[in-house]
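Participant: Read off the chains here:
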Amino acid sequence: MGKRQFWIAREYEKCSGCRKCEIACSLFHEKRVWPEASRIRIFMLVPGVEFPHLCVQCQDYPCVEACPVNAMSVGETGAVIVDKDACIGCGACIDACPGKIPHLHPAENYAVVCDLCGGDPQCVKVCQEGGWKALVKVEREENVDYRKYAKSPEELTRELAFAFYGEKSEELLPC
Amino acid sequence: MLGYAGKILEVDLSTEKIRTVSFGDDVLGEFIGGRGLAAKILWDRLGERWETVDPLGEENLLLFLAGPLTGFFPGGRICVSGKSPQSNGMVGSTVAGEFPIELRCAGYDGLIVSGKAEKPVYLLIADSEIQIRSAVHVWGKDGKQTVRILTKEGRDFLKSLRRGEPREPAMLYVGPAGENLVRTAAVMAKWSHAAGYGGYGAVMGAKNLKAVLAKGSGPLPEAHDIKKIQRLINEVCRSCYEKEDFRRWGTSSAGYNVGAKRSAEPVKNWQEEWHDEKGFKVEEFEKRLWVKKFWGDFGCPTTCLKIAVVKTGRFKGAVGDNPDYELQAYVGTNLGVFKPEENVYLASLVDDLGLCGIQTGNVMGFAGELYQRGILTSEDLDGLKLEWGDAEAFGKLAEKIAYRQGIGDVLAEGTFRAAVKLSELKDEDVSRFAVHVKAVAVGAHGIRSGKDYPMEMSYACSVQAGDHTSVAYLPITHSTSELTVVFHDSAVYCWFNMFGQPKDLKWRFYEAVTGEKLTPEQWYETKALRIIQLQRAMLLLGGPDFTWNPKIHDDNPLRFYEPLPTGPYKGKAVDRKRFEELRKRYYEAVGWDENGIPKSSVLRKLGLYDVVSPMEKLRSKT
Ligand code: SF4
Ligand code: SF4
Ligand code: SF4
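Which chain is which? The protein sequence lines are F and U, in order.
For reference, each letter of the first sequence is one residue, going 1 to 175 in our numbering.
For reference, each letter of the second sequence is one residue, going 1 to 622 in our numbering.
Hints are computed from structural coordinates only; laboratory data are not their basis.
Every value quoted in this text rests on a predicted model; they were computed, and no experiment measured them.
Any given hint could turn out to be false.
What the hints assert, rightly or not - Lysine to any residue pairs mimicking SDA-like chemistry, simulated, CA-CA at most 25 angstroms apart:
1. F/Lys84 / U/Leu161
2. U/Lys228 / F/Glu129
3. F/Lys125 / U/Glu244
4. U/Lys227 / U/Asp593
5. U/Lys141 / F/Pro174
Unchecked claim - Far from chain U, by Cβ distances over 12 angstroms, these chain F residues were calculated:
6. Val49
7. Val64
8. Glu65
9. Glu76
10. Gly78
11. Ala107
12. Arg140
13. Glu142
14. Asn143
15. Asp145
Ideal placement from N, C-alpha and C gives every residue a C-beta, glycine not left out.
With the hints as constraints, model all of the structure from the sequences given.
Facilitator: This is the structure in structure tokens:
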């Protein structure tokens, strides 16, 4: 293992919805401010209930397993690496992901997944700088079930909306 | 020009025709976007017959315009405009949120809506796919339900376009108040973000337009120097991160401070401007109500918004943005309400109804004072006892206004028009209790104590009338001046993030995005001044129901000449002499004659040849 492996922990309730992480991620990967091409996406299905949605690096990588053309692999940081030339944009990885996290690049036909910026996660940097600390870089540990953190936007919305708004959240959910 | 998507979407709801319009570099360079470009478009298209255009008629235009800095400068906003059903002039009203970002990523710098739909509709914009959809099922729904239902429909549509989990489209919408053409109705975003000044919620309602949804899949427009932009973003953010108090409290510490310390907060319809209600301190809001302590919109480093939930008592379950200072004042102190829970309840209620908290809190305060004086009786109010501090009674009144029931139908016309009507009905002049300038309720910043930021002529001479965000100020190059604000509202970003920044930062930012140099001289002596003249011309032309005579109406609400009855500045009032002197100096500074009408020589110098003759006509009348 070349680089020491880390993980991006997320404290959803602290997310301000500022989307600085999307700006940073897209500037890093696309050299543009391009929210839809960001590997981290902020969902706001209910106002106030923003949260970052990004790959958790499941220990068994169901997305990598599911890819019919072997366009996905696991890099030395533990990140899922997409070979964009090989990817056929079929969406099998999205279906396989327990959190429906990968998405298709908005301009080209390939899946995008967080690549941990090669070891220096830009999203964590801006989130920390701003003091929100919804994203935290932590050491990746053995024997942790990371996969359980991969949740769909609907699931996360439901949980967080309840945490903020209690029973009233039921009448606010669009899903 | 770089920094622009280069197209503005135009939808005519009468014919259902959809097209795009573009402006050349000459126009964009001069008018920038947002409020400036809105002034240009409105004048070009409606100027000739401005006096006859009914703001709530089919012929009015509704503009939603972003600017070149929108999305790049931290804190995204959009400027909503058209002929205002409040002032009968043109107001540029900005609102935060993701909508302008989505619009620009979809390939448009703005949206122009003309005509009127036969039945309620909403617009769905997904890149080049534009749909006019039925809104019959959401007509009548409050804000939260509108957001819930349309978020689902928008996402369902996006799901049909491509695989994977789509995010929600961003949305601007109106509540019941806009549908019912209430002149104090706002254009809403999220739950509690509002473009309130101007009354454009009613314009949207008059067009049978419930909402506009947008999702863009592209990047922000190509800019001149993205590396430099990145450095500038960092510069802005670093300085914002240092303002710990503002980040922590937002404007909500002012609900106590502006009253207690500056004595400039409306209390009981501005009868007083001072209070010392310690229970209204921001710490109480934080402790008892906040479930999210930092909340913000696209790219914002400050995240000064907070989410408040009432957890106990009569109003349990009320949810919304924590009232900012304006709403702490207008649906709090101005109604004699000093309890955080009650203030949050009223704020979330007016939001749900789609009412502007400032305009509506002002007209409710006006009604409260008429009740206090026995001019309005509980009979007039369908049994309501409008005692100061009775949040429930004022809540019921807000509902009456939004649905135009009973007395609500009169108050729904806004403070100025309601005062005219009630003076007739009661055979007594009640206009002295109406605290507005040219039919726009003044923001919650009094001028009597002299301790807050506006000057004595700030509201009276503003081209946006009572709007506290855009005030007349001397010198006109000051950061508080309307001419500076026009830049923020034309490049369109949240200028809270500009507080305390070096003055030249906005010009540097503009150059990094567009590649064009902009000097303060060019801005203050030509470009800003030109936009101000257009807005002034439209404000003075007015009509069709009322027209302003600057000799009479470039004035403060009468209340501001009454001495403050309480507090550390007891006895202070606006000195008429000083006011008149400042007004005169302001007229000179912006090129208006002694009666406040733009001078022909100034208009010609600015190239506004077609404004000359309408202003000459006004001159001969005054
Ligand atoms: S930078 Fe942090 S606080 Fe801001 S949206 Fe991203 S995760 Fe949330
Ligand atoms: S979270 Fe989804 S994308 Fe990431 S490794 Fe797991 S399956 Fe793959
Ligand atoms: S770690 Fe890098 S690639 Fe992954 S979401 Fe953050 S910025 Fe994007």
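Participant: All the hints need checking, so say for each whether the structure fits it.
Facilitator: Do the hints match the structure? See the list:
1. F/Lys84 / U/Leu161: 21 angstroms, holds
2. U/Lys228 / F/Glu129: 19 angstroms, holds
3. F/Lys125 / U/Glu244: 19 angstroms, holds
4. U/Lys227 / U/Asp593: 46 angstroms, violated
5. U/Lys141 / F/Pro174: 15 angstroms, holds
6. Val49: Answer for valine 49 of chain F: violated, closest chain U Cβ roughly 9 angstroms.
7. Val64: Non-interface label on valine 64 of chain F holds, nearest chain U Cβ at 17 angstroms vs cutoff 12 angstroms.
8. Glu65: Consistent with the label, glutamate 65 of chain F stays out of reach of chain U, its closest Cβ about 18 angstroms off (over 12 angstroms).
9. Glu76: Holds, since 27 angstroms exceeds 12 angstroms.
10. Gly78: Consistent with the label, glycine 78 of chain F stays out of reach of chain U, its closest Cβ about 23 angstroms off (over 12 angstroms).
11. Ala107: It is violated; alanine 107 of chain F is separated from chain U by about 7 angstroms at its closest Cβ, not greater than 12 angstroms.
12. Arg140: 25 angstroms, holds
13. Glu142: 30 angstroms, holds
14. Asn143: Per Cβ check, asparagine 143 of chain F is outside 12 angstroms of chain U; nearest 29 angstroms; holds.
15. Asp145: For aspartate 145 of chain F, whose nearest Cβ neighbour in chain U is about 22 angstroms away, the distance exceeds 12 angstroms, so it holds.
When held up to the earlier numbered hints, the structure conflicts with 4, 6 and 11 and fits the remainder.
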